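Participant: The lines below spell out each chain.
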Amino acid sequence: DQQVKQNSPSLSVQEGRISILNCDYTNSMFDYFLWYKKYPAEGPTFLISISSIKDKNEDGRFTVFLNKSAKHLSLHIVPSQPGDSAVYFCAASGWNTGNQFYFGTGTSLTVIP
Amino acid sequence: EPEVTQTPSHQVTQMGQEVILRCVPISNHLYFYWYRQILGQKVEFLVSFYNNEISEKSEIFDDQFSVERPDGSNFTLKIRSTKLEDSAMYFCASSEMGQVNQPQHFGDGTRLSIL
Numbered sequence: 001d002q003q004v005k006q007n008s009p010s011l012s013v014q015e016g017r018i019s020i021l022n023c024d025y026t027n028s029m030f031d032y033f034l035w036y037k038k039y040p041a042e043g044p045t046f047l048i049s050i051s052s053i054k055d056k057n058e059d060g061r062f063t064v065f066l067n068k069s070a071k072h073l074s075l076h077i078v079p080s081q082p083g084d085s086a087v088y089f090c091a092a093s094g095w096n097t098g099n100q101f102y103f104g105t106g107t108s109l110t111v112i113p
Numbered sequence: 114e115p116e117v118t119q120t121p122s123h124q125v126t127q128m129g130q131e132v133i134l135r136c137v138p139i140s141n142h143l144y145f146y147w148y149r150q151i152l153g154q155k156v157e158f159l160v161s162f163y164n165n166e167i168s169e170k171s172e173i174f175d176d177q178f179s180v181e182r183p184d185g186s187n188f189t190l191k192i193r194s195t196k197l198e199d200s201a202m203y204f205c206a207s208s209e210m211g212q213v214n215q216p217q218h219f220g221d222g223t224r225l226s227i228l
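Listed in order, the protein sequences are those of chains B and Z.
Everything in the first sequence is counted per this note's numbering, starting at 1 for the first residue and increasing by one.
Everything in the second sequence is counted per this note's numbering, starting at 114 for the first residue and increasing by one.
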């Protein structure tokens, strides 16, 4: 039951460059999407969200893009910093999924100084 | 910044034993959740809790699992008779409201190892 997929388990980017993390979903009823960041030995930390009425949400260096027709969202980090190195999880929910979020398997981002 | 706290950080238990994982949600939050992450797999929803009762649960949350809010601050997950496959990271989360467009805030997790 992979309703949310992150097909890239890892990504390496040079410091200062753009990091692009991708996420695909299958449930067309999803209408709220989040990105969480997770450091080792810590829980997921909320990073940024987007609702389906928008196609872009920006917060500082982080921008999330939503393409509803393609059921695809992406997280852009620019410029990338070494402290951004972490596992990034995409999560989704919808009015028919109650309060639970469905998570992707995560993408491990390494920003190389 | 207020945070969700979980204890213990690591729990080692013999198979068949009962285990209780504890969480203190953010104080003004009303909705509480448990998720688990088996090593190498995705984070999976277990249960949500509001107004002293379960509001939703997944297929994973079978009769061996229970949740409780024994006092005004703690939220616990009990596994009655642990199995090897219960070994995972268990994350507690809370949110201010239960609306779908509210982020959930997670604790650092309890690593449960069943021997």
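Source of the hints: derived by calculation from the structure; they are not laboratory data.
One thing to keep in mind: the hints can contain errors.
With a straight-line Cα cutoff of 25 Å, these simulated SDA-like cross-link-like pairs (lysine to any residue) come out [to be verified]:
1. B:Lys54 / B:Ser12
2. B:Lys5 / Z:Ser171
3. Z:Lys155 / B:Gly16
4. Z:Lys155 / B:Pro40
5. Z:Lys155 / B:Pro113
6. B:Lys37 / Z:Ile139
7. B:Lys37 / Z:Gly185
8. B:Lys37 / Z:Glu116
9. Z:Lys170 / B:Lys54
10. Z:Lys170 / B:Thr97
11. B:Lys54 / B:Ser28
12. Z:Lys155 / B:Ser49
13. B:Lys5 / Z:Gln215
Being a predicted model, the structure only gives us computed values, none of them experimental.
Participant: Each of the hints needs a verdict: does it hold here or not?
Facilitator: Against the structure, the hints come out as follows:
| no. | hint | result |
| --- | --- | --- |
| 1 | B:Lys54 / B:Ser12 | 29 Å, violated |
| 2 | B:Lys5 / Z:Ser171 | 19 Å, holds |
| 3 | Z:Lys155 / B:Gly16 | 29 Å, violated |
| 4 | Z:Lys155 / B:Pro40 | 15 Å, holds |
| 5 | Z:Lys155 / B:Pro113 | 29 Å, violated |
| 6 | B:Lys37 / Z:Ile139 | 19 Å, holds |
| 7 | B:Lys37 / Z:Gly185 | 29 Å, violated |
| 8 | B:Lys37 / Z:Glu116 | 15 Å, holds |
| 9 | Z:Lys170 / B:Lys54 | 30 Å, violated |
| 10 | Z:Lys170 / B:Thr97 | 11 Å, holds |
| 11 | B:Lys54 / B:Ser28 | 15 Å, holds |
| 12 | Z:Lys155 / B:Ser49 | 19 Å, holds |
| 13 | B:Lys5 / Z:Gln215 | 21 Å, holds |
Of the numbered hints listed earlier, those contradicted by the structure are 1, 3, 5, 7, 9.
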